[in-house]
Amino acid sequence: MSDTKKFLYVNRKPPYGTIYALESLEVVLIGAAFEQDVSLAFLDDGVFQLTRGQNTDAIGVKNFSPTFRALGDYEVTKLYVERESLEARGLSEGDLQEITYEDEDDDWEEKPSIRVVSRAEMAKIMADQDVVLSF
Amino acid sequence: MSDTKKFLYVNRKPPYGTIYALESLEVVLIGAAFEQDVSLAFLDDGVFQLTRGQNTDAIGVKNFSPTFRALGDYEVTKLYVERESLEARGLSEGDLQEITYEDEDDDWEEKPSIRVVSRAEMAKIMADQDVVLSF
Amino acid sequence: MSTLHTVNKSPFGNTALSSCLGHCLTGDAVLLIEDAVYGALDGSAMASEVKARMGEVALYVLEGDLKARGIDAGKLISGAQPVGYDGFVDLVTEHDRTQSWL
Amino acid sequence: MSTLHTVNKSPFGNTALSSCLGHCLTGDAVLLIEDAVYGALDGSAMASEVKARMGEVALYVLEGDLKARGIDAGKLISGAQPVGYDGFVDLVTEHDRTQSWL
Amino acid sequence: MKIGVVVSEGPYTHQAADTAYQFVKAALDKGHEVPRVFFYHDGVNVSTRLSVPPQDERHIQKQWTALAQDHGIDLVVCIAAAQRRGLLDENEARRQGKDAHNIAEGFRISGLGQLIEMGIQTDRLVTFGD
Amino acid sequence: MKIGVVVSEGPYTHQAADTAYQFVKAALDKGHEVPRVFFYHDGVNVSTRLSVPPQDERHIQKQWTALAQDHGIDLVVCIAAAQRRGLLDENEARRQGKDAHNIAEGFRISGLGQLIEMGIQTDRLVTFGD
Numbered sequence: 016m017s018d019t020k021k022f023l024y025v026n027r028k029p030p031y032g033t034i035y036a037l038e039s040l041e042v043v044l045i046g047a048a049f050e051q052d053v054s055l056a057f058l059d060d061g062v063f064q065l066t067r068g069q070n071t072d073a074i075g076v077k078n079f080s081p082t083f084r085a086l087g088d089y090e091v092t093k094l095y096v097e098r099e100s101l102e103a104r105g106l107s108e109g110d111l112q113e114i115t116y117e118d119e120d121d122d123w124e125e126k127p128s129i130r131v132v133s134r135a136e137m138a139k140i141m142a143d144q145d146v147v148l149s150f
Numbered sequence: 016m017s018d019t020k021k022f023l024y025v026n027r028k029p030p031y032g033t034i035y036a037l038e039s040l041e042v043v044l045i046g047a048a049f050e051q052d053v054s055l056a057f058l059d060d061g062v063f064q065l066t067r068g069q070n071t072d073a074i075g076v077k078n079f080s081p082t083f084r085a086l087g088d089y090e091v092t093k094l095y096v097e098r099e100s101l102e103a104r105g106l107s108e109g110d111l112q113e114i115t116y117e118d119e120d121d122d123w124e125e126k127p128s129i130r131v132v133s134r135a136e137m138a139k140i141m142a143d144q145d146v147v148l149s150f
Numbered sequence: 021m022s023t024l025h026t027v028n029k030s031p032f033g034n035t036a037l038s039s040c041l042g043h044c045l046t047g048d049a050v051l052l053i054e055d056a057v058y059g060a061l062d063g064s065a066m067a068s069e070v071k072a073r074m075g076e077v078a079l080y081v082l083e084g085d086l087k088a089r090g091i092d093a094g095k096l097i098s099g100a101q102p103v104g105y106d107g108f109v110d111l112v113t114e115h116d117r118t119q120s121w122l
Numbered sequence: 021m022s023t024l025h026t027v028n029k030s031p032f033g034n035t036a037l038s039s040c041l042g043h044c045l046t047g048d049a050v051l052l053i054e055d056a057v058y059g060a061l062d063g064s065a066m067a068s069e070v071k072a073r074m075g076e077v078a079l080y081v082l083e084g085d086l087k088a089r090g091i092d093a094g095k096l097i098s099g100a101q102p103v104g105y106d107g108f109v110d111l112v113t114e115h116d117r118t119q120s121w122l
Numbered sequence: 003m004k005i006g007v008v009v010s011e012g013p014y015t016h017q018a019a020d021t022a023y024q025f026v027k028a029a030l031d032k033g034h035e036v037p038r039v040f041f042y043h044d045g046v047n048v049s050t051r052l053s054v055p056p057q058d059e060r061h062i063q064k065q066w067t068a069l070a071q072d073h074g075i076d077l078v079v080c081i082a083a084a085q086r087r088g089l090l091d092e093n094e095a096r097r098q099g100k101d102a103h104n105i106a107e108g109f110r111i112s113g114l115g116q117l118i119e120m121g122i123q124t125d126r127l128v129t130f131g132d
Numbered sequence: 003m004k005i006g007v008v009v010s011e012g013p014y015t016h017q018a019a020d021t022a023y024q025f026v027k028a029a030l031d032k033g034h035e036v037p038r039v040f041f042y043h044d045g046v047n048v049s050t051r052l053s054v055p056p057q058d059e060r061h062i063q064k065q066w067t068a069l070a071q072d073h074g075i076d077l078v079v080c081i082a083a084a085q086r087r088g089l090l091d092e093n094e095a096r097r098q099g100k101d102a103h104n105i106a107e108g109f110r111i112s113g114l115g116q117l118i119e120m121g122i123q124t125d126r127l128v129t130f131g132d
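Chains as they are written, first to last, in my numbering: chain P, 16 to 150; chain C, 16 to 150; chain V, 21 to 122; chain S, 21 to 122; chain Y, 3 to 132; chain L, 3 to 132.
A portion of the hints provided could be inaccurate.
Claimed, not checked - Label pairs and their in silico Cβ distance ranges:
(1) C:ASP118 / V:THR46: 33 to 39 Å
(2) Y:GLY74 / C:SER133: 41 to 47 Å
(3) Y:GLY33 / C:ARG130: 51 to 57 Å
(4) L:PRO56 / S:ASP62: 34 to 40 Å
(5) L:ASP72 / C:ALA47: 40 to 46 Å
(6) P:GLU90 / L:ASP72: 37 to 43 Å
Claimed, not checked - Derived SDA-like pairs (lysine to any residue); straight-line CA-CA distance at most 20 Å:
(7) L:LYS100 / Y:ALA95
(8) Y:LYS64 / L:GLN98
(9) Y:LYS32 / V:GLY107
(10) C:LYS77 / L:ALA102
(11) L:LYS4 / S:THR113
(12) C:LYS93 / C:LEU44
(13) C:LYS93 / C:GLY75
(14) S:LYS95 / C:THR19
(15) Y:LYS100 / L:LYS32
(16) Y:LYS27 / P:ASP72
(17) V:LYS95 / P:ASN70
(18) S:LYS95 / S:LEU79
(19) P:LYS20 / P:PHE49
(20) V:LYS95 / P:THR71
(21) P:LYS21 / P:SER128
(22) C:LYS139 / V:ASP116
(23) Y:LYS27 / Y:PRO37
(24) Y:LYS32 / V:GLU83
(25) C:LYS77 / L:PRO55
(26) C:LYS21 / C:ILE129
(27) C:LYS77 / S:GLY104
(28) P:LYS21 / S:ASP116
(29) Y:LYS64 / Y:ALA28
(30) P:LYS20 / P:ALA142
(31) C:LYS139 / V:LEU45
(32) P:LYS77 / Y:GLU92
(33) C:LYS93 / C:ALA142
(34) Y:LYS27 / V:LYS95
(35) L:LYS4 / S:GLY107
(36) S:LYS71 / S:THR113
(37) Y:LYS100 / L:GLU92
(38) Y:LYS64 / L:ALA102
(39) L:LYS32 / S:LYS71
These aren't lab readings, by the way, just hints derived from the structure by calculation.
Note that beta-carbon positions come from the ideal geometry of N, C-alpha and C, so glycine has one too.
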């Protein structure tokens, strides 16, 4: 068995009202250096973290949403978003930021990092991990 | 107009999982010295604060539920509990502590402090206050 | 005599907004702040519950919190009114009391 | 391969237990701790949603948290199993991973 | 009008202290009085002078201290809530036999009576929490 | 088995630190190893040595310090989360130009890498939060 473990970061909370979303992202960025098999799950209110057009000027809190677009540079390329969670909130994939990565195994082609999955698929992804970190 | 204001303490959270219920009670006890017209509202998960038979030995957290029975000595005698909140949780009034006070205007007769009210009545009680403190 | 109700949590994760809507009276105002601004999204699973009270209760949404979360005003339930922090202050003074649904 | 799911918030105020029940798989275990122990109350508005998964998923309730909140074991949904902190540890080791629904 | 404000959650973790700050600024801009802000529950954590947020983030304690100094706001930290959570001023540290204290300038530690008094003496009371 | 533990909420305010403490004690009693507990988010507030809870309440920081000393547990406080919230050790206080520090004995400040490392090196990871 290799030293590589499957790490899943589960994001169920919206951004800005609490700090969990931002501090989750800080773990992901640090964790990227450990070369594990990393996935991010966005479900329930966590899908709100990925909406496009966030502008925090009026509330005086740091806008960290651009950081999601940098994840590809850290080789974090699997962002699973639950379809049912989007739908219950009146959102569609078009309301989310475009987040991409360059696939080194495919001539550095630019590919989408966000993968919209059903609740049943999300449950299977969760069940396929070694370590689940919840935020 | 007199200096007496109507103060309502709104309790919507269950005990022990968070400290709000305990720290709300601490405000009520200190506030009693100010001789205002005080009421307490228990609705939503706040009704769980009043259940009888609480025993916190195993979790290592202080059991503050006996303090509710002392409120009468502080002349805090109006504890409104929402019926719909009890019912949604499978509780009835019999699951709550008995909390009483001695009515100085009625030959010190012992009377119940808990008054179970409907949601509509609770809404009117809330609308009849000068100051609403939420926990 | 009327009340300003403030709610600050997402109604998809927490029942505070539901409870608020169940307790506010005709002529009251409900102001959604922080994560509660999602409660004003049209087309969501929460929208019909909010709309059901809109005849009797005025619905306001804190604009800075909407923008922070990337919600365009066009996505709101019809009649939901964006206000700034100055509008928040006016709502507090115009109503007889403020109740926070924490 | 199975998962222990822990939930710590009251299901009457927060949707964490609902989401957990919607994502756990046959053979998994759900352990209710802290304020989530109220989710095991029979006769509540939440009971039918919990019971609907009880054939496939084992339901445990942390005993110390039940007693703290004055909930008699007789008031629990049939099949909900009280466990101590030692039982909590066993559940963690018996399942392949633990997922906290915060 | 006189508006009293309660902050019930700690800095950075919840938005409450930020929203309260923006609200108080707006109230003052409109000519209202905010005689006191009462910090309760985890809100007492706003008062630590040891906070070192990242350079590109706001410094919540310093924002409050500056606002209080500019407008004469009484920033009161609940003593009971503060003791539990490890917020002490110099006097309290001496009294409790602690070797350090951490309350920032502009904040003062006092009792819950100050919250009730604020409720009695202001025209409106607004709570920011979780 | 080796069990790693994460504590994500502050003391007294949430039950998380209490439940985690009871869980770790039970795991040790059953012969498991708990090599490290990682304090993140408001969990860093558990590490303050300035807390003075009422006499009839448990002292959460002292409970953790004693448990760590008895069983050799590495109590790690996340540096980034701690800086935001005003938790500093002597080195950090000097480095940041602060005139006081407040971390209790038995806790050490370190980076988020310690959390990932704990996830890699333990057989199970359990998070206590809100």
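Do the hints match the structure? See the list:
1. C:ASP118 / V:THR46: 33 to 39 Å: holds (35 Å)
2. Y:GLY74 / C:SER133: 41 to 47 Å: holds (45 Å)
3. Y:GLY33 / C:ARG130: 51 to 57 Å: violated (42 Å)
4. L:PRO56 / S:ASP62: 34 to 40 Å: holds (36 Å)
5. L:ASP72 / C:ALA47: 40 to 46 Å: Holds: the Cβ-Cβ distance is about 43 Å, inside 40 to 46 Å.
6. P:GLU90 / L:ASP72: 37 to 43 Å: Since GLU90 of chain P and ASP72 of chain L have Cβ atoms about 41 Å apart, the given range 37 to 43 Å holds.
7. L:LYS100 / Y:ALA95: holds (17 Å)
8. Y:LYS64 / L:GLN98: Given that 20 Å is the threshold and the Cα spacing comes to 15 Å, the pair holds.
9. Y:LYS32 / V:GLY107: Cα-Cα ~10 Å, so holds.
10. C:LYS77 / L:ALA102: violated (31 Å)
11. L:LYS4 / S:THR113: holds (9 Å)
12. C:LYS93 / C:LEU44: Holds: LYS93 of chain C and LEU44 of chain C sit about 14 Å apart, inside 20 Å.
13. C:LYS93 / C:GLY75: Not OK: LYS93 of chain C and GLY75 of chain C at ~31 Å, beyond 20 Å, violated.
14. S:LYS95 / C:THR19: Measuring from Cα to Cα gives roughly 43 Å; hence the hint is violated.
15. Y:LYS100 / L:LYS32: violated (36 Å)
16. Y:LYS27 / P:ASP72: holds (15 Å)
17. V:LYS95 / P:ASN70: holds (16 Å)
18. S:LYS95 / S:LEU79: holds (15 Å)
19. P:LYS20 / P:PHE49: holds (10 Å)
20. V:LYS95 / P:THR71: holds (18 Å)
21. P:LYS21 / P:SER128: holds (17 Å)
22. C:LYS139 / V:ASP116: Judged against 20 Å, a Cα distance of about 14 Å means the pair holds.
23. Y:LYS27 / Y:PRO37: With Cα atoms ~13 Å apart, LYS27 of chain Y and PRO37 of chain Y stay inside 20 Å; holds.
24. Y:LYS32 / V:GLU83: Distance ~18 Å between LYS32 of chain Y and GLU83 of chain V Cα, so the pair holds.
25. C:LYS77 / L:PRO55: Distance of about 11 Å is within 20 Å: holds.
26. C:LYS21 / C:ILE129: Holds, at about 18 Å.
27. C:LYS77 / S:GLY104: holds (19 Å)
28. P:LYS21 / S:ASP116: With a Cα-Cα distance of about 12 Å, the restraint between LYS21 of chain P and ASP116 of chain S holds, given a limit of 20 Å.
29. Y:LYS64 / Y:ALA28: This hinted pair holds, its Cα atoms lying about 18 Å apart.
30. P:LYS20 / P:ALA142: Holds, because 13 Å separates the two Cα atoms, which is no more than 20 Å.
31. C:LYS139 / V:LEU45: holds (8 Å)
32. P:LYS77 / Y:GLU92: Not OK: LYS77 of chain P and GLU92 of chain Y at ~33 Å, beyond 20 Å, violated.
33. C:LYS93 / C:ALA142: With a Cα-Cα distance of about 16 Å, the restraint between LYS93 of chain C and ALA142 of chain C holds, given a limit of 20 Å.
34. Y:LYS27 / V:LYS95: violated (29 Å)
35. L:LYS4 / S:GLY107: holds (17 Å)
36. S:LYS71 / S:THR113: violated (25 Å)
37. Y:LYS100 / L:GLU92: Distance ~15 Å between LYS100 of chain Y and GLU92 of chain L Cα, so the pair holds.
38. Y:LYS64 / L:ALA102: Holds: LYS64 of chain Y and ALA102 of chain L sit about 17 Å apart, inside 20 Å.
39. L:LYS32 / S:LYS71: violated (32 Å)
The structure does not agree with the numbered hints 3, 10, 13, 14, 15, 32, 34, 36 and 39 stated previously, though it agrees with the rest.
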